[in-house]
Amino acid sequence: MIMLRRNSASDETLPRDLIGPQRMPVDTHMTDCVKSANMSNSNSTRYYNKRKNDIKIATWNVQGLNEPGKLENVVNEIKHLEADICGISETWLCGSSEFNTELPNGEKFRIIYSGGEIRRKGVAFVLNQRVSNLVKSVHIKSERMMAIKINTSPVDTFLIQVYAPTRDSDDEEKNKFYEDLRDIIKYKSFQEVLVVMGDFNAKV
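Heads up: the sequence shown begins at 1 in full-length UniProt numbering, then just goes up one per residue.
Honestly, the hints are just simulated from the structure, not real lab data.
Since we're looking at a predicted model, the values are computed, not measured.
Note that beta-carbon positions come from the ideal geometry of N, C-alpha and C, so glycine has one too.
There may be inaccurate statements among the hints.
[Unchecked claim] Taking lysine-lysine and the DSS-like style, the derived pairs with C-alpha atoms no more than 30 angstroms apart in a straight line are:
#	residue 1	residue 2
1	Lys121	Lys149
2	Lys149	Lys136
3	Lys136	Lys121
4	Lys136	Lys188
5	Lys108	Lys174
6	Lys108	Lys176
7	Lys121	Lys52
[Unchecked claim] Quick list of the computed label-pair ranges, beta carbon to beta carbon:
#	residue 1	residue 2	range
8	Glu72	Lys186	30 to 38 angstroms
9	Ala202	Glu67	36 to 44 angstroms
10	Ser97	Ser189	20 to 28 angstroms
11	Ala202	Lys52	29 to 37 angstroms
Using the sequences provided together with the hints, build the complete structure.
Okay, here's the thing in structure tokens:
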């Protein structure tokens, strides 16, 4: 989980969620909230103000969004994790575009995605309503890579979401991936914060 500081252009807040291997950060965060509730009123106010200006970033390989109900489940999990921005891999969505989705309770999320011609691979960013208007630019590279620039303080942040080839992929595909990564980084200005995240298909 990555924490960034956003520009306080809006006071709107929206709760956020994630399961599986990401369950531990949820438990840890909830423990911190309980501790905060037991603090003095002044300390609780400082905690709230810090959360209001922070941006929590996560990444997740969702292994497809095509099954009925899968997108809603993923968004619910991102909400539960309280991630403001979640980069996801293996969306299995075709083409490149964006759309909004709304949970039954009225909470809205913005999905920006990049996919190929077939329903494999694919990357995306899911942003909650609290930060969706902080996106300054979108950069689509391939079904394995995309980036967004977000308005943060004291400098902007350039987020790259990737889905890397596996170790068994041919050298040409691996080389293209790293060439694309070098190319997309060129859209980042010198002073901006760079975050590269996603599924690197690494084996330890």
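The hints, checked one at a time:
no., hint, verdict
1, Lys121 x Lys149, "22 angstroms, holds"
2, Lys149 x Lys136, "5 angstroms, holds"
3, Lys136 x Lys121, "25 angstroms, holds"
4, Lys136 x Lys188, "12 angstroms, holds"
5, Lys108 x Lys174, "36 angstroms, violated"
6, Lys108 x Lys176, "35 angstroms, violated"
7, Lys121 x Lys52, "34 angstroms, violated"
8, Glu72 x Lys186: 30 to 38 angstroms, "36 angstroms, holds"
9, Ala202 x Glu67: 36 to 44 angstroms, "27 angstroms, violated"
10, Ser97 x Ser189: 20 to 28 angstroms, "26 angstroms, holds"
11, Ala202 x Lys52: 29 to 37 angstroms, "35 angstroms, holds"
Going down the numbered hints, you'll see the structure goes against 5, 6, 7, 9, while the others check out.
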